[in-house]
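**Student:** The chain contents come next:
Protein chains: 2
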Amino acid sequence: MAKDFPTREENYSQWYNDIVIKADLAENSAVRGCMVIKPYGYAIWEKMQAALDKMFKDTGHSNAYFPIFIPKSFFSREASHVEGFAKECAIVTHYRLKKSPDGKGVVVDEDSKLEEELIVRPTSETIIWDSYRNWIKSYRDLPILINQWANVVRWEMRTRLFLRTTEFLWQEGHTAHATEEEAIEETEKILDLYSEFAEKWMALPVIKGVKSENERFAGALETYCIEALMQDGKALQAGTSHFLGQNFAKAFDVKFATKEGTLEYVWATSWGVSTRLMGALVMAHSDDNGLVLPPKLAPIQVVIIPIYKNTDQLKEISEKVKPIKKAIESRGISVKYDDRDTFKPGWKFAEYELKGVPVRLAIGPRDIEQGTVEVARRDTLEKSIYQQTDIEHKIENLLSQIQENLYQKAFSFKELNTFTVNSWAEFKDIIDNKGGFISAHWDGTSETEEAIKNETKATIRCIPLDNKKENGKCVYSGKPSAQRVIFAKAY
Amino acid sequence: MAKDFPTREENYSQWYNDIVIKADLAENSAVRGCMVIKPYGYAIWEKMQAALDKMFKDTGHSNAYFPIFIPKSFFSREASHVEGFAKECAIVTHYRLKKSPDGKGVVVDEDSKLEEELIVRPTSETIIWDSYRNWIKSYRDLPILINQWANVVRWEMRTRLFLRTTEFLWQEGHTAHATEEEAIEETEKILDLYSEFAEKWMALPVIKGVKSENERFAGALETYCIEALMQDGKALQAGTSHFLGQNFAKAFDVKFATKEGTLEYVWATSWGVSTRLMGALVMAHSDDNGLVLPPKLAPIQVVIIPIYKNTDQLKEISEKVKPIKKAIESRGISVKYDDRDTFKPGWKFAEYELKGVPVRLAIGPRDIEQGTVEVARRDTLEKSIYQQTDIEHKIENLLSQIQENLYQKAFSFKELNTFTVNSWAEFKDIIDNKGGFISAHWDGTSETEEAIKNETKATIRCIPLDNKKENGKCVYSGKPSAQRVIFAKAY
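Line by line, the protein sequences are chains A and B.
Counting with my numbering, you get residues 248 to 738 for the letters of the first sequence.
Counting with my numbering, you get residues 248 to 738 for the letters of the second sequence.
Only chain A is shown next, with the shape it has when bound in the complex (with noise of 0.2 Å):
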């Protein structure tokens, strides 16, 4: 298997689409900006499912399903969402098609014209706060704490694999509250779940924080998100929780009796994250051979390859191979032996390098002899010799080095590439020379937020948690600022 691929220096956007396509996770379809998720694509998608799902549900959220439809009617209720993504609906007006009058094919059938016409989700809140609206009469039911696994649609003129496609995958949470003490606290809660899922299992460094006005989401009051960088110095932001106040229950007319008998407006929150967190994964940690794939997320976590000159050897080898890969299993590792006699080692060897299995194992005549087993990982390319006894704690353990690595990696990066600047001269150098994420003080405005996205392409990604207040002046308009804000070129 040649490596037949741009490097990251030499074209990172290509290397990028290339290592989807070429390490078999996605590609496009006949669909305008729809993509297939291929076996091995999805099987990631379905590790990250899995430990998010347990997240979720061990915070005391169940799983639901709602519409995939929304009368266009629904949109209209509020404001701002329907102003926030009017513009990217997929519209459902007919319901049958007919032979074409020519006999070629078939036509919409005309007599099948919806009264309203149905709008593809975008996002669940007015669908979802519709029904809560006939499950919500009292603060006994409340909390609502409801997560939906579903498909959306949002029609995008510039797609990309992963990153931007008109339809994806993600969950959306939608939970409703007695106070709007309780709905911050659940929508800051999700942020810690997801920034905890980003480093613990993605190996992926986050920034807490919430977004500017200009950035919020359509019909929330605040949006939380986490925001991560990838290696080209471009953000992406990899999840987000919405404070929405009593928007959609005003919308929908939600209210529920206190303890003290009065009516009032329910608190909601929505957060969610989706199959783009597959391109972060992509971008975050791969290189110039391949993608690279944190231990937890890989599908395959071991391969196991035979060196052999006959089908003698190849016996041999298989025989010997089957305890070891019985005893890595055992500590619960997916391991494969891929004994296919149609390709040679080296080009299996370029294969997983491609795909990013995490560890590669390769046994030979020699390694039979002495008992031994050549260990190569894919994250720093190392090989290493270990003996075969114990094979399965050294590989425990090696696994759970290879992930700590890829996140103290990608943490380093971000910290050389977060960058304090006091100047708007520095500010143009460094988004324009060197990317990254640029630490910065701003007056708070929409103006001066638009005239630097004008001037530079970057935005605020966030204003971080964590901040400490500190006087300074804005670094474009040299006005009052009590913060510095993070701002970058992203995805």
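Some hints could be false.
In this list, chains with the same sequence are indistinguishable; a pair is considered to hold if it fits within one copy or across any two.
Pairs of lysine-lysine, DSSO-like flavour, derived with a Cα cap of 30 Å [said to hold, decoys possible]:
1. 583 <-> 301
2. 345 <-> 704
3. 269 <-> 384
4. 543 <-> 447
5. 630 <-> 436
6. 301 <-> 573
7. 583 <-> 641
8. 346 <-> 502
9. 572 <-> 301
10. 700 <-> 726
11. 351 <-> 334
12. 502 <-> 704
13. 704 <-> 346
14. 569 <-> 630
15. 301 <-> 543
16. 304 <-> 294
17. 304 <-> 543
18. 301 <-> 447
Simulated from the structure, these hints should not be mistaken for lab results.
Dock chain B against the given chain A, drawing on the hints supplied.
**Tutor:** Chain B in isolation, oriented as in the chain A frame:
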């Protein structure tokens, strides 16, 4: 909680609907024909998914994801496929909304009309085989064994929760093979898998068979199915597995190079089960007190209810319950302790009965004194007193017994309601007055099948796979017949 729904005898259809609603499984949404699957219902579906998903993976299948939209022209490529689905397609024609000129709400932006309309998938053969064309070059790329968990849309005029909804959730397997034999083998293997799932997990006995030509999937050469019998004597198709021959390979030009170097069309199968199984589950086991769930699919398998007069008693009981709950949970059994002070024990008893929780434990002051616990089975409504010693094994055994008992009960019901019929008078009498499966001779023609359907509403459910060949005369036409087939009215 007062029982406020009809018995099966009074109004079977209303009884079904009320159980689905009152047991909190699902409800109708604001979108015509689309349901909301509520957390308790979704938890049952998740258990079904987990069991099926493991069975698919254990037999070598992987999950993937294909686009929800299908270009209209794809449908026309397979003639019988388009004929089967054209009349029930949700059609996306535009991709943008804009502000209404009158300022009220939003309207479809006519400038966003699509060049080619997109169909919301009613099933995915066409979009998947369009992808397979690029994946399959040689025999080395075969077989492809892929499954997808997805939502699909079929525009239905008359809908019923779970049984027939415009949008539903399902899994659809799509496999590609080098030979006809291998594809048929796959079709049959999946039928066996479905039947095992129905019997072992859902406690639902089924008849395995093939459909007559009339009832075949649009585009299939042979449709295999499992058919179950509901308590009102109507049949329910619980799963289908289709042998598609080379139809889709020809429609999408998918050829492969054989070992011998020739170019051949690929052989295909597809197969699916859906949230319709939830309807089957409700109808198969439930009684006039509410839902009855087989333990293997129950989200809560055991509920513990304290019986107390004051908070001191409640405190004492709660202390005693802790180790009991923990012991039972140690066997992998899900236990809920309902110590809510807002509801009386009698109300809770009725609620968990309605929700089909298989085992209810009640513990009061006398039980504390005597080291006992009151055990109630949901299936038989029997109560017993157990000593607390070794409670986890007793409960584990009891759950197995309940699972087995539900299957046996459903099996006996099916046996008692399967009639071997030799005359048309008898056929009509049974269909009109008893319902059930009718095993009768049929001359093999679509005309006779149609005539029987028109006169009685009964259809051929299947030609059983284990049929013995037996010469006879068609129950309707009197013409010669080589075997009996199964007739019934069906959902």
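**Student:** For each hint, tell me whether it holds in the structure or not.
**Tutor:** A quick look at each hint next to the structure:
no.	hint	result
1	583 <-> 301	both (26 Å within a copy, 18 Å between copies)
2	345 <-> 704	between (48 Å within a copy, 27 Å between copies)
3	269 <-> 384	between (53 Å within a copy, 16 Å between copies)
4	543 <-> 447	within (9 Å within a copy, 33 Å between copies)
5	630 <-> 436	neither (42 Å within a copy, 43 Å between copies)
6	301 <-> 573	both (27 Å within a copy, 20 Å between copies)
7	583 <-> 641	within (17 Å within a copy, 41 Å between copies)
8	346 <-> 502	between (49 Å within a copy, 29 Å between copies)
9	572 <-> 301	both (28 Å within a copy, 21 Å between copies)
10	700 <-> 726	within (18 Å within a copy, 82 Å between copies)
11	351 <-> 334	between (33 Å within a copy, 17 Å between copies)
12	502 <-> 704	neither (43 Å within a copy, 48 Å between copies)
13	704 <-> 346	between (50 Å within a copy, 29 Å between copies)
14	569 <-> 630	within (22 Å within a copy, 52 Å between copies)
15	301 <-> 543	both (14 Å within a copy, 20 Å between copies)
16	304 <-> 294	both (16 Å within a copy, 14 Å between copies)
17	304 <-> 543	both (19 Å within a copy, 20 Å between copies)
18	301 <-> 447	both (14 Å within a copy, 26 Å between copies)
Consistency with the previously given hints fails for numbers 5 and 12, ordered from lowest to highest.
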